[in-house]
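K.L.:
Residue strings, one per chain:
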Amino acid sequence: MPIEVNGKTLETDEEGYLSNLNDWEPGVADVMSKEDDLELTEDHWEIINFLREYYEEYQIAPAVRVLTKAVGKKLGKEKGNSKYLYELYPYGPGKQACRYAGLPKPTGCV
Amino acid sequence: MAKPDFEIPELKLDTEVPALKEGTMAHSSPFIAKPEHQEPLGFPGELVEDWHDRAIGKMGDLLGKYRGLQVYLDSCVKCGSCTDKCHYFLGTSDPKNMPVGRQDLLRKVYRRYFTFAGKYFPWLVGAEDLTRETLDEWYSYYHQCSQCRRCSVFCPYGIDTAEISMAAREILDDVGMGQKYCNEIIAKVFRIGNNLGLPEPALADTLEGLEEDVLEDDGVDVKYPLDVKGADILLVTPSADFFAEPHVDGLIGYGKVFHEAGLSWTLSSHASEAANFGMFIGSYENMRNVSMRIREAALDLGVKRIVFGECGHAWRVAYSFLNTLAGPFDFLDPKYPVPQHILEVTHDLIQRDAIKLDPSANDDMILTFHDSCNVARATRMGPKPGGQFTIPREVIKASVNRFVDMAPETIHDSTYCCGGGGGLLTDDLMELRVKGAVPRMDALKRVIEEDGVTHMAAICAICKSQFTKVLPYYGMGMDMIVSVHQLVSNAIVLGAKK
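Those protein sequences? They're chains A and B, same order as listed. Following the working numbering, the numbering of the first sequence begins with 1046 at its first residue and continues without gaps. Following the working numbering, the numbering of the second sequence begins with 8 at its first residue and continues without gaps.
If we strip away everything but chain A, and leave its shape as in the complex, we get:
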């Protein structure tokens, strides 16, 4: 199902992930989060930006532990846990936040 972002039509797969990762722009996260009735705050964007930086370097989403550790370092220890991430992204940080960030969905037994 394609999505409309700033006048452009972007292809997504059956699960709503961008088909072409290079299509990403911040507007993608805005459009996707609106469909989920989720309002993106600065806290959400911290996660999205980290995911994108990590993906740029390693070509994969970070492990949950890597993500929580990075969040803990940046935003304070009390936020460095998966509970905090699930509060931000109730569908799961790995899947929902990755989708907003334009990353492919993590596959496997996760």
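Careful: at least some of the hints might be erroneous.
Think about it this way: if two alpha-carbon atoms lie no more than 20 angstroms apart in a straight line, the pair counts; the simulated EDC-like pairs of lysine to aspartate or glutamate are [unchecked claim]:
(1) B:LYS41 to A:GLU1084
(2) A:LYS1124 to B:GLU223
(3) A:LYS1122 to B:ASP225
(4) B:LYS10 to A:GLU1084
(5) A:LYS1118 to B:ASP212
(6) A:LYS1140 to B:GLU215
(7) A:LYS1114 to B:ASP434
(8) A:LYS1114 to B:GLU215
(9) A:LYS1128 to B:ASP212
(10) A:LYS1114 to B:ASP224
(11) A:LYS1118 to B:GLU215
(12) A:LYS1150 to B:ASP435
(13) A:LYS1114 to B:GLU223
With beta-carbon atoms standing in for the labels, derived distance ranges [what the hints assert, rightly or not]:
(14) B:GLY393 to A:ASP1068: 50 to 58 angstroms
(15) B:LEU54 to A:PRO1071: 35 to 43 angstroms
(16) A:GLU1091 to B:GLU223: 37 to 45 angstroms
(17) A:PRO1071 to B:ALA414: 24 to 32 angstroms
(18) A:ASN1065 to B:LYS72: 38 to 46 angstroms
(19) A:ASN1065 to B:HIS59: 31 to 39 angstroms
(20) B:HIS59 to A:ASP1082: 40 to 48 angstroms
(21) B:ASP371 to A:GLU1056: 29 to 37 angstroms
(22) A:LYS1128 to B:LEU54: 39 to 47 angstroms
(23) B:GLY75 to A:VAL1076: 45 to 53 angstroms
Just a few of them, taken from the derived set where beta-carbon distance is under 7 angstroms, the chain A residues facing chain B [what the hints assert, rightly or not]:
(24) GLN1104
(25) ARG1110
(26) GLY1153
Think of the hints as simulated: they come from the structure by calculation, not from any bench. In this text, a Cβ means the ideal position worked out from N, Cα and C, and glycines have one as well.
Given chain A, work out where chain B should sit, using these hints.
P.N.:
Coordinates of chain B only, in the frame set by chain A:
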């Protein structure tokens, strides 16, 4: 947790056999594989034009290759023993999720094309032509079987529905109707080395992070080595252990056990996956190709032993098939079983008093244990029959003070599947996964209410991920599920044996 668009079953303390509701799960069907998921596995990219003849030809081919398949298709006497044994039937009420109902979907076509009575008097023996609708029905219901083999324990003829479901999936793959989840993952293993698609630099970074964490938390320099030539042990573990929680806490535990016992070990970036989804799709060739990576890594690194981490179906492939698929392993040290399970290693060290555990470290928990279907019904651990049941429990009991088993009809070789096994651990099958978890959730609820159980330990990456996802649907916390080696990790006294 996603908002469900289906009804969540109400938990009872004992699972009840539901009244039949025909077709309640006929809509359940996972995403079809795209050409880029199919072709690397040697399957056609999309449904082929001559699907009918090709499917019948493939069925004939499989009947010739796997004699068990023909016996299973011939020998059912409709006694009814299996009807209430499948977790998916118990959770969905759909009669096609009764093992016999599921088998009959393939059996009716087998009879029509491969038996005398079915060829000439199809109406007398329930034989039916293969149609396009049959393919869709196979696709739906053979992706509602987690190949857990509980039904086969209760079948007086030992008919193994898993073998039938694997054959059906192989026929579907062969006509171009593969399942996206499994086939995308297998293609990733061939391309990158693991189910996740975790490249070597990301794996190295993740392992370094674990070393930092353990040093910070325990003050001990435990190593998580990667691609170390000349190490004694190659650890092959599911890639979920690098990525997800509570899996990674188990991996931390394996490392501490090796460290404390002074064993030399390494992970491999080439064989950075224990899982072998080739089994789920019934494809010998793909299962073999995935397995060969382990042999290649073992040879390349020059190890003496191969040890598998906590992964249910991987242990089935390893224990039952690895030697045939990727052997002989005559280059390994013959003093040790090939391959070995990490629980066998840890159990042996505990028996020999070579590691010290302080179970009071887990006093904030009361544990129960979920036997993983593939470990329980297709493998063994240790030298004695039933070791696959006793060894995990003995390791848990050495690591915690309070342990309670769930109801006897739900553990050991009667264990229920977690609801996500056999290649069904995908979001597009969430309704099936939530409903299929009912018998395990019922049994868990009873020990929570009666014995105050707070956590359930598991030894399979699929079980751990499935429960983490499904527990919240039933009002329980996702962090109730723990790795067995996470308990070991908490309890092990580092430096005690120096």
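K.L.:
Starting from LYS1122 (chain A), check that the Cα of ASP225 (chain B) is at most 20 angstroms away, please.
P.N.:
holds (18 angstroms)
K.L.:
Please work out if LYS1118 (chain A) and ASP212 (chain B) have their alpha carbons no farther apart than 20 angstroms.
P.N.:
With Cα atoms ~17 angstroms apart, LYS1118 (chain A) and ASP212 (chain B) stay inside 20 angstroms; holds.
K.L.:
Indicate whether the distance between the beta carbons of ASN1065 (chain A) and HIS59 (chain B) respects the range 31 to 39 angstroms.
P.N.:
Since ASN1065 (chain A) and HIS59 (chain B) have Cβ atoms about 36 angstroms apart, the given range 31 to 39 angstroms holds.
K.L.:
Given a cut of 7 angstroms on the nearest C-beta pair, is the interface hint for GLN1104 (chain A) held or broken against chain B?
P.N.:
holds (6 angstroms)
K.L.:
Under the criterion of a CB-CB separation shorter than 7 angstroms, is ARG1110 (chain A) in contact with chain B as hinted?
P.N.:
holds (5 angstroms)
K.L.:
Hint says 39 to 47 angstroms; check whether the CB-CB distance for LYS1128 (chain A) and LEU54 (chain B) agrees.
P.N.:
Given range 39 to 47 angstroms: holds, Cβ gap about 45 angstroms.
K.L.:
What's the verdict on LYS1114 (chain A) and GLU215 (chain B), does the C-alpha distance respect the 20 angstroms limit or exceed it?
P.N.:
Roughly 13 angstroms between the alpha carbons, so the hint for LYS1114 (chain A) and GLU215 (chain B) holds.
K.L.:
For the pair supplied as a hint, LYS41 (chain B) and GLU1084 (chain A), confirm whether the alpha-carbon distance does not exceed 20 angstroms.
P.N.:
At roughly 33 angstroms apart (the allowed maximum being 20 angstroms), GLU1084 (chain A) and LYS41 (chain B) break the hint.
K.L.:
Taking only the CA atoms, is the gap from LYS1124 (chain A) to GLU223 (chain B) under or equal to 20 angstroms?
P.N.:
holds (18 angstroms)
K.L.:
Given the hinted pair LYS1114 (chain A) and GLU223 (chain B), is their alpha-carbon gap at most 20 angstroms?
P.N.:
holds (12 angstroms)
K.L.:
For the pair PRO1071 (chain A) and ALA414 (chain B), does the Cβ-Cβ distance stay inside 24 to 32 angstroms?
P.N.:
violated (52 angstroms)
K.L.:
Has the given pair, LYS1114 (chain A) with ASP224 (chain B), been kept, meaning a C-alpha gap of at most 20 angstroms?
P.N.:
holds (13 angstroms)
Checked against the numbered hints above, the structure violates hints 1, 6, 7, 9, 16, 17, 21; every other hint is satisfied.
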